[in-house]
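A.B. asks: Quick note, the sequences are listed as chains Y and G, same order. Per this note's numbering: the first sequence = residues 13 to 278. Per this note's numbering: the second sequence = residues 606 to 853.
Everything labelled a hint here was simulated from the structure, so no lab data went into it. Accuracy of the hints is not assured; some may be wrong.
Here are the computed lysine to any residue pairs in the SDA-like style, where the Cα-Cα straight-line distance is at most 20 Å [what the hints assert, rightly or not]:
hint, chain 1, residue 1, chain 2, residue 2
1, G, 715, Y, 269
2, G, 715, Y, 170
3, Y, 269, Y, 170
4, G, 715, G, 732
Pair by pair, the computed Cβ-Cβ distance ranges are [claimed, not checked]:
hint, chain 1, residue 1, chain 2, residue 2, range
5, G, 838, Y, 102, 47 to 57 Å
6, G, 698, Y, 117, 54 to 64 Å
7, G, 621, Y, 16, 55 to 65 Å
8, G, 715, Y, 65, 46 to 56 Å
9, Y, 253, G, 778, 38 to 48 Å
Every residue gets a Cβ at the ideal spot worked out from N, C-alpha and C, and that includes glycine.
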Amino acid sequence: MLVSSASTVLFFAVIAVIVALSPGSEIVAKRFFSPHHLWQSLIGSGTNPSVLDAFLLNVEIFTISEVFILILALVIAVVRGIPGPVFFPFRLVAVAYTDLFRGVPLILILYMIGFGVPGLGLPFISYLPDVTYGVVSLVLVYSAYVAEVYRAGIESVHESQNAAARSLGLTRWQSMRFVVLPQAIRRVIPPLLNDFIGLQKDTALVSVLGSVEAARAAQIYSASEFNYASYVVAAFLFVLITIPLARFTDRLIARDKRRREAGALA
Amino acid sequence: MNPALLLENVHKSFGENEVLKGIDLTVEPHEVVCLIGASGSGKSTLLRCVNLVEPIDAGRVVVEGEEITAEGVDANRIRRRIGIVYQSYNLFPHMTVLRNITLAPREALKQDRTESEENARKLLERFGLLDKQYEYPDRLSGGQQQRVAIVRALAMRPHLMLLDEVTSALDPELVAEVLAVIKELAREGMTMLIATHEMSFARDIADRVCFLEAGHILEQGPPARIFTSPEHPRTRQFLGRIIEAGRL
Chain Y
13 MLVSSASTVL FFAVIAVIVA LSPGSEIVAK RFFSPHHLWQ SLIGSGTNPS VLDAFLLNVE
73 IFTISEVFIL ILALVIAVVR GIPGPVFFPF RLVAVAYTDL FRGVPLILIL YMIGFGVPGL
133 GLPFISYLPD VTYGVVSLVL VYSAYVAEVY RAGIESVHES QNAAARSLGL TRWQSMRFVV
193 LPQAIRRVIP PLLNDFIGLQ KDTALVSVLG SVEAARAAQI YSASEFNYAS YVVAAFLFVL
253 ITIPLARFTD RLIARDKRRR EAGALA
Chain G
606 MNPALLLENV HKSFGENEVL KGIDLTVEPH EVVCLIGASG SGKSTLLRCV NLVEPIDAGR
666 VVVEGEEITA EGVDANRIRR RIGIVYQSYN LFPHMTVLRN ITLAPREALK QDRTESEENA
726 RKLLERFGLL DKQYEYPDRL SGGQQQRVAI VRALAMRPHL MLLDEVTSAL DPELVAEVLA
786 VIKELAREGM TMLIATHEMS FARDIADRVC FLEAGHILEQ GPPARIFTSP EHPRTRQFLG
846 RIIEAGRL
């Protein structure tokens, strides 16, 4: 405890000294950490949007996206695992989907969906708010990742569990629903939350379609006030919501580890 | 009356490895048939092929006169009449004992909750497990888990039970409690096909013993004859080794 405190203090002291002694430290302090600008960008001023208000849009985007991602990814993962030649085209689509959306950078998907779909001029779906196309892009890309996480979980459940369920007369789907998926999902919650931490940050990219979310609001502030404190505020807000989720994930991992060890003893 | 189970010329390969090379076997209602033979002789594969958890390559499987290997037959429906218990119990670890037992009756037979739970509790009480109904499987001993697995199969009211080396994974002191349950089932007239390494158990319980060797049934007959005067030299050799090991 004493050693760890001492080493922590020393570590940050060294960094503080380096920053304080650097030739531009005074300017950086003014540009990035001015209390006045930190506060003004947080609550908004004049024509500048509040970074805090804008951040609520990020929260909205990732909350809605997560729900759709959890559902779509599960469908993809399950479809990919259906055996039998009849279902080959479905498996093919699922594989192509994950390959495509994991391979293309999110920002390109955002441009293609955000500018492409409205360009089609279709009734209704081409006239949605920008942020909707952002959510759709996030769902498409992250579902590909999360589907792979689910799939790893499904494959980690031993085949004998499925055999036991099928032997009892349950159908393939009943076995999946009652026996395999509940065990699979429990195992993949930590990596799943990890992906969601990534998603929370990537909501900032939705701004390329014109939505004023936290990063965009910070940019507007800095452009009109010639001060970067707004970026620090936005960064702080992102960290603020990420840390609880990260700690929660750590706790789940630790709990699983304890359970496995207890199970191994039994 | 139709036999409880009829296998005709059943073949099964895993890749290049042919495990079953034409099995013919009949099990009459209320008969207890034990499969003996060395590890790898095909006993477990044979049981898994009976309820088509492993699809077979050739041959017929007929359960109570209904061919489940025929085209367009709903194997799930027939499978419900066959209970199977595995060496490694395969209980569902995320469910309580009670839920393990009621899952299939509720989902496959569409029993309502009260009915399935009442039935499950009756079975648990009979096998001395009622106080474990709300426990999770990892809190039970191996013997208790295996007895729960047997109860889980019985809850489907099967006409035929397949037991796949159900005591092989157990500590020696837990074997007896599981064998007692099986003997009780035999007394009640349950039709059973049992793969086992417990020769003295097979001798006590079986109406007929089949010796499997390299994917064939080499010899079958009443235990008194198979264990005392086996005809086939391979059977004699196998039993000789068992006796040498002090297991019979």
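A.B. asks: Go ahead and decide if the range 38 to 48 Å is satisfied by the Cβ distance of residue 253 (chain Y) to residue 778 (chain G).
C.D. replies: violated (55 Å)
A.B. asks: Do the alpha carbons of residue 269 (chain Y) and residue 170 (chain Y) lie within 20 Å of each other, as the hint requires?
C.D. replies: holds (19 Å)
A.B. asks: Taking the CB of residue 621 (chain G) and the CB of residue 16 (chain Y), does the distance hold inside 55 to 65 Å?
C.D. replies: Between residue 621 (chain G) and residue 16 (chain Y), where Cβ atoms are some 59 Å apart, the hint holds.
A.B. asks: Run the distance test for residue 715 (chain G) versus residue 170 (chain Y): straight-line Cα separation, threshold 20 Å.
C.D. replies: At roughly 27 Å apart (the allowed maximum being 20 Å), residue 170 (chain Y) and residue 715 (chain G) break the hint.
A.B. asks: Given the proposed pairing of residue 715 (chain G) with residue 269 (chain Y), does the C-alpha separation stay at or below 20 Å?
C.D. replies: violated (37 Å)
A.B. asks: Holds or violated: 46 to 56 Å for the Cβ distance of residue 715 (chain G) and residue 65 (chain Y)?
C.D. replies: holds (53 Å)
A.B. asks: Check whether the Cα positions of residue 715 (chain G) and residue 732 (chain G) lie no farther apart than 20 Å.
C.D. replies: Answer violated: residue 715 (chain G) to residue 732 (chain G) is near 25 Å, above 20 Å.
A.B. asks: Using the beta carbons of residue 698 (chain G) and residue 117 (chain Y), state whether their distance is inside 54 to 64 Å or not.
C.D. replies: violated (40 Å)
A.B. asks: Please check whether residue 838 (chain G) and residue 102 (chain Y) have a Cβ separation lying inside 47 to 57 Å.
C.D. replies: Distance hint for residue 838 (chain G), residue 102 (chain Y) holds at roughly 54 Å.
When each numbered hint is compared with the structure, violations occur for hints 1, 2, 4, 6 and 9.
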